[in-house]
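For the protein sequence lines, the chains are A and B, in the order given.
In case it helps, the numbering used here puts the first sequence at residues 553 to 850.
In case it helps, the numbering used here puts the second sequence at residues 3 to 329.
What the hints contain is simulated information worked out from the structure, not anything from laboratory work.
It cannot be assumed that every hint is accurate.
[Claimed, not checked] Straight-line Cα separation of at most 25 Å, PhoX-like style, residue types lysine-lysine; simulated pairs:
| # | chain 1 | residue 1 | chain 2 | residue 2 |
| --- | --- | --- | --- | --- |
| 1 | B | Lys38 | A | Lys698 |
| 2 | A | Lys818 | A | Lys651 |
| 3 | B | Lys197 | B | Lys10 |
| 4 | A | Lys651 | A | Lys723 |
| 5 | B | Lys327 | B | Lys291 |
| 6 | B | Lys197 | B | Lys169 |
| 7 | A | Lys723 | B | Lys291 |
| 8 | A | Lys818 | A | Lys846 |
| 9 | B | Lys38 | A | Lys725 |
[Stated by the list, open to error] Sample of chain B residues at the chain A side, in silico, Cβ under 10 Å:
| # | residue |
| --- | --- |
| 10 | Asp62 |
| 11 | Glu71 |
| 12 | Met84 |
Bear in mind that the values here come from a model prediction, so they are computed numbers and not experimental data.
The beta-carbon is built from N, C-alpha and C at its ideal position, and this holds for glycine as well.
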Amino acid sequence: MHYLTSKEVQFLELKANQIRQSIIEMLVAAGSGHTAGPLGMADILTLLYFKVLQHDPKNPTWSERDRLILSNGHICPVLYATLAHAGYFPTEELLTLRKFGSRLQGHPHRTALPGLETSSGPLGSGLSQAVGMALAERIDNPYSSKYIYCLTGDGELNEGQVWEAALQAGKEKLHNLIVIVDRNGIQIDGYTKDVMPLEPLAAKFEAFNFDVQEVDGHNVRAVNDAIGKAQAVYSQPSLIIAHTIASKGVDVFERDFRWHGNPPGKGPEDRVPKDKQAEVALEKLRTLAGIIAKEDIS
Amino acid sequence: MLAPHLDKAFDTKDMQKVPSRNGYGEGLVEAGKRDKNIVALAADLTESTRTLPFAEAFPDRFIQVGITEQNMASVASGMAAMGKVPFIASYAMFSPGRNWEQIRTTIAYNESNVKIIGAHAGVSVGPDGATHQAIEDIALLRVVPNMVVIAPADVHEARKATLAAAKYEGPVYIRVGRSNTPVVTTAESPFEIGKAEVMYTRDESLPTPVGIVVTGTLLYNALKAAQALEAAGIGATVLHMPTIKPLDEKALLALAEGHVGIVTVEEHQRAGGLGGAVSEYLSEVAPIKIVRVGVDDQFGQSGEPDELVEHYGMGVEAIVAAAKKAV
Numbered sequence: 553m554h555y556l557t558s559k560e561v562q563f564l565e566l567k568a569n570q571i572r573q574s575i576i577e578m579l580v581a582a583g584s585g586h587t588a589g590p591l592g593m594a595d596i597l598t599l600l601y602f603k604v605l606q607h608d609p610k611n612p613t614w615s616e617r618d619r620l621i622l623s624n625g626h627i628c629p630v631l632y633a634t635l636a637h638a639g640y641f642p643t644e645e646l647l648t649l650r651k652f653g654s655r656l657q658g659h660p661h662r663t664a665l666p667g668l669e670t671s672s673g674p675l676g677s678g679l680s681q682a683v684g685m686a687l688a689e690r691i692d693n694p695y696s697s698k699y700i701y702c703l704t705g706d707g708e709l710n711e712g713q714v715w716e717a718a719l720q721a722g723k724e725k726l727h728n729l730i731v732i733v734d735r736n737g738i739q740i741d742g743y744t745k746d747v748m749p750l751e752p753l754a755a756k757f758e759a760f761n762f763d764v765q766e767v768d769g770h771n772v773r774a775v776n777d778a779i780g781k782a783q784a785v786y787s788q789p790s791l792i793i794a795h796t797i798a799s800k801g802v803d804v805f806e807r808d809f810r811w812h813g814n815p816p817g818k819g820p821e822d823r824v825p826k827d828k829q830a831e832v833a834l835e836k837l838r839t840l841a842g843i844i845a846k847e848d849i850s
Numbered sequence: 003m004l005a006p007h008l009d010k011a012f013d014t015k016d017m018q019k020v021p022s023r024n025g026y027g028e029g030l031v032e033a034g035k036r037d038k039n040i041v042a043l044a045a046d047l048t049e050s051t052r053t054l055p056f057a058e059a060f061p062d063r064f065i066q067v068g069i070t071e072q073n074m075a076s077v078a079s080g081m082a083a084m085g086k087v088p089f090i091a092s093y094a095m096f097s098p099g100r101n102w103e104q105i106r107t108t109i110a111y112n113e114s115n116v117k118i119i120g121a122h123a124g125v126s127v128g129p130d131g132a133t134h135q136a137i138e139d140i141a142l143l144r145v146v147p148n149m150v151v152i153a154p155a156d157v158h159e160a161r162k163a164t165l166a167a168a169k170y171e172g173p174v175y176i177r178v179g180r181s182n183t184p185v186v187t188t189a190e191s192p193f194e195i196g197k198a199e200v201m202y203t204r205d206e207s208l209p210t211p212v213g214i215v216v217t218g219t220l221l222y223n224a225l226k227a228a229q230a231l232e233a234a235g236i237g238a239t240v241l242h243m244p245t246i247k248p249l250d251e252k253a254l255l256a257l258a259e260g261h262v263g264i265v266t267v268e269e270h271q272r273a274g275g276l277g278g279a280v281s282e283y284l285s286e287v288a289p290i291k292i293v294r295v296g297v298d299d300q301f302g303q304s305g306e307p308d309e310l311v312e313h314y315g316m317g318v319e320a321i322v323a324a325a326k327k328a329v
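So that you can see chain A by itself, here it is in the shape it has in the complex (with noise of 0.2 Å):
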């Protein structure tokens, strides 16, 4: 862990909006699945893959590895494209999303594809897995400086499994687990101040011995200086709000709650009408790598 250099952090940025662009394309594929967090997550995806973990992509197996749970499985589009786009399958593959026989099923399957840690779909459950995992490598080696890192959405903090998980993960002091929350504010039904108020969040965790971190999600230097002090933390679970934008990278979809579970061609239309979507986000996408990879970082 060190800190992001301006060339490291205009590299993120740019791999990120490769992999944005990537999820757009899986997505209009596919004809169905979820956009609004896959490309929220895109920065921090990025950053873990390129920079945090400690991973082979030539050898996904191997046993000393950092594990990445993604508990909130629909936001797969965003695993699927960065473990391509680090090397773990082709990205031709990409476009065989959510089709019959494809190793890219709808919600992650562990056993079909190389890289996943899980099988995920139901919320709530990544967090006791990776509780599980910390648990299991302290037992072996309790000197490793493996990190299990947890993704889970925030919706997804409505379940009642996540707290119980919460309870163990405070009683075992699982130093080596660090869970990421994608605070983007919205779920399927609405936006979570509504659907079930989530706030004070960052309180709710401290109350279960965990040290929190906020930061600003699409910040990858924020981030990864989290995740830094997140590993420094040697007698609890760490915690990090990432505070996201729905659909960040297209500014026309970003930020509505509408685009949850719909793919471009198949979103609202206030905005962009139908036959529109998948041009416009790429479009939008395409400018702003031009404008990323202009700035002057010297």
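On the provided structure of chain A, position chain B as indicated by the hints.
Structure of chain B alone, referenced to chain A:
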């Protein structure tokens, strides 16, 4: 005739009565000694599920999860992903009763090497009443792909099932009972996952033979029923089927071929359990009359184990009556 490997004290004053859950406790400690990767989890029911001896012998490999059965199933899945062989124990009503989806997704679909122990199965839980009497659990897990389902007959078989599950790679469900159960088998009786055993051989001179297929702690009642049927002039074979899934199809087919009718016996709902599995299979390959003994679409209630088993139609007389109906 009783199988020669059964306990010689059968039905004598020396016959022991011990809860089958004790066999889990013994088997788990034994398995733990053989394999350091075995870990045990309990959800605030460490003593009554008989996890306590393991927790005392291997405190570093015991995880107390509190009253969090859903969490327990998925924590176990995570531990299995790191190479552990987790055994999770609670009452069957709570695991798999409450955490069925976690078992389906994070254990079975994940192909996690987790062993699930459902204690206090059946109405023989007794005084605790219907909320604590799991009579749906075989059905719940029999329909889940990748899952092995075992209902041991007694303490010896529960011990052997635990040891076999520890060696088997993949998810296994073992249901055990709370109350004192006649010890019918011995430490030497054969046990193999997926294999049924003939525990009572019929008198071939008697006409209209009936095959009794039984799982779990009602084996004693099934054997008693076979003796009563024989005395009444009806030959009866008892096929004990501790593994409900995978079903020992070969043994069932052989039974169907040599008998006029079949009775299934289990301490479970008549729907979806052993009776369901046997009916589904035989109706396709060797149609035969099948009468299912079990709880008939009801909830249990408080009472003493034996009186509840009688009341809900799983006593020796009920099995005899079912056998007469089947032939």
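Where does the structure disagree with the numbered hints, that is, which hint numbers, in rising order? 4, 7 and 8
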